[in-house]
Amino acid sequence: MKIVAVTACPTGIAHTYMAAEKLEKTAKSLGHQIKVETQGAMGIENELSASEIKEADGVIFAVDIEVEQRERFAGKKVVQVPVQLAIKDPKSVLAKLG
Amino acid sequence: MKEDLLKIKSYLLSGVSFAIPFIACGGILIATAIALAPKAATGNGFSDFSQSPTLKLILDIGVTAFTLMLPVLAGYISHAMAGKPGLVAGFIGGYLAGHLGYLPNGKEISAGFLGALLAGLLAGWTVNQCKKIPVPKYLKPIMPILIIPILSAGFVGVIMLKVIGIPIAEFMGFLGKWLETMGHGNALILAAILGGMIAFDMGGPVNKTAFFFGSAMISQGNFFVMGAVAAAICTPPLGLGLATLLNGKLWNEEDREAGKAAFAMGMICITEGAIPFAASDPVRVIPCIMGGSMLASCIAMFGGVGNHAPHGGPIVLPVIDHRLMYVVAIAAGTIATALAINFLKSRQQKTSVA
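These protein sequence lines map, in sequence, to chains A and B.
Residue 44 in the numbering used here sits at position 22 of the first sequence; the count goes up by one each step and never skips.
Residue 232 in the numbering used here sits at position 131 of the second sequence; the count goes up by one each step and never skips.
One chain only, chain A, in its complex shape:
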């Protein structure tokens, strides 16, 4: 499965990147392709391109704040969870994609 994800926490220096790492590791170990965009204190990094979003089978938002440029994901089915859950139990987050 092709997955794209966005992580963002209020401070944007710790949780954002921890969640991104967990999601990447877990998704790869389950045999999925994943790209995670981080919206931390540095702004948007590892930005998802329009084609990557278009081709994705699933979208995950692991965020405690509003996602920037949310309109890019219009029409996509999005699974939204708190950042904490992606850090603690990334498997269950991926399972929500069905």
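Derived by calculation from the structure, the hints in this document are not laboratory data.
Careful, some of the hints might be misleading.
[To be verified] Quick look at which bits of chain A chain B covers, simulated, 3 or more residues with Cβ under 8 Å:
no., region
1, 33 to 44
2, 81 to 89
[Said to hold, decoys possible] The calculated lysine-lysine pairs, modelled on BS3-like cross-linking and capped at a C-alpha distance of 27 Å, are:
no., chain 1, residue 1, chain 2, residue 2
3, B, Lys-446, A, Lys-110
4, A, Lys-98, B, Lys-103
5, B, Lys-108, A, Lys-98
6, A, Lys-98, B, Lys-185
7, B, Lys-263, B, Lys-233
8, B, Lys-185, A, Lys-47
9, A, Lys-113, A, Lys-47
10, A, Lys-110, B, Lys-233
C-beta atoms are modelled at their ideal positions from N, C-alpha and C, and glycine is treated no differently.
Add chain B to chain A, keeping to what the hints say.
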């Protein structure tokens, strides 16, 4: 209802995430300037900048960052709620929260952080209502660039200036007066509450509320509250950093790395350094850092520590009154945090082995 509250929390945190760099920048510049300037001969301990234009410059830049922080906070809360059209009303509401007018004695009236939070929410809500106004097609293009900004900014401005701004400012002033008249026992309770709030979410909204309360009290002429807050801010990352140094075996490699970073962040007073630890083990870490911060703030309050800068941690030491007690407070909080968390960690490992 619960979903609405979560939404509001997410809006507030979005605004806070944009405001944090302004707080850090302003806080450190102001602290530096006040620290290096000589104390004024008269007045209640304010610094005298008349002899040092360079320090005055640094102070002015820091004050600018702090002044902009309120509009940025309110502006981006509103932006999170209503998108681009929300910015103008949010910025104006946040600016007005900090500049409500002048008292007869020339002092500026400010509704501060609390006022800016409310201004941001009000602005976002107002813009979202404006978007629902049915308009003929030929007027559509001018809605977001003309009609909505004017309507929403006008409404938010009037509410801030004429309705809620002054009561919030008076409430802040009342808190300051109340603190001044408070006895030693009550002051300790307040210090404990503020210390706990500082550690509880490590730089989140609860922490910032306590922080802004402390810095608002500085402008009311009460330096003790900020003294207690300043000691509490730095102990969570310092304590956790110390814990990884004291007994490395209890922590995995990632934690030990994070421990060094946390120690550095603690020195310059960024409570957020504790987050990686709290994230992996909140049940043990959060009570320990809250206890350590409460101890630090109580010792600081008890020792009469005053802080003249809206920032904390070891780096503001030069602007502290009763420096020795300040150091004692931070050391005690740091050591208490480290010992408590290592004790809980070692018990956890024993039970998991057995």
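Quiz item: So which hints don't hold here, by number, going up?
Solution: 8 and 10
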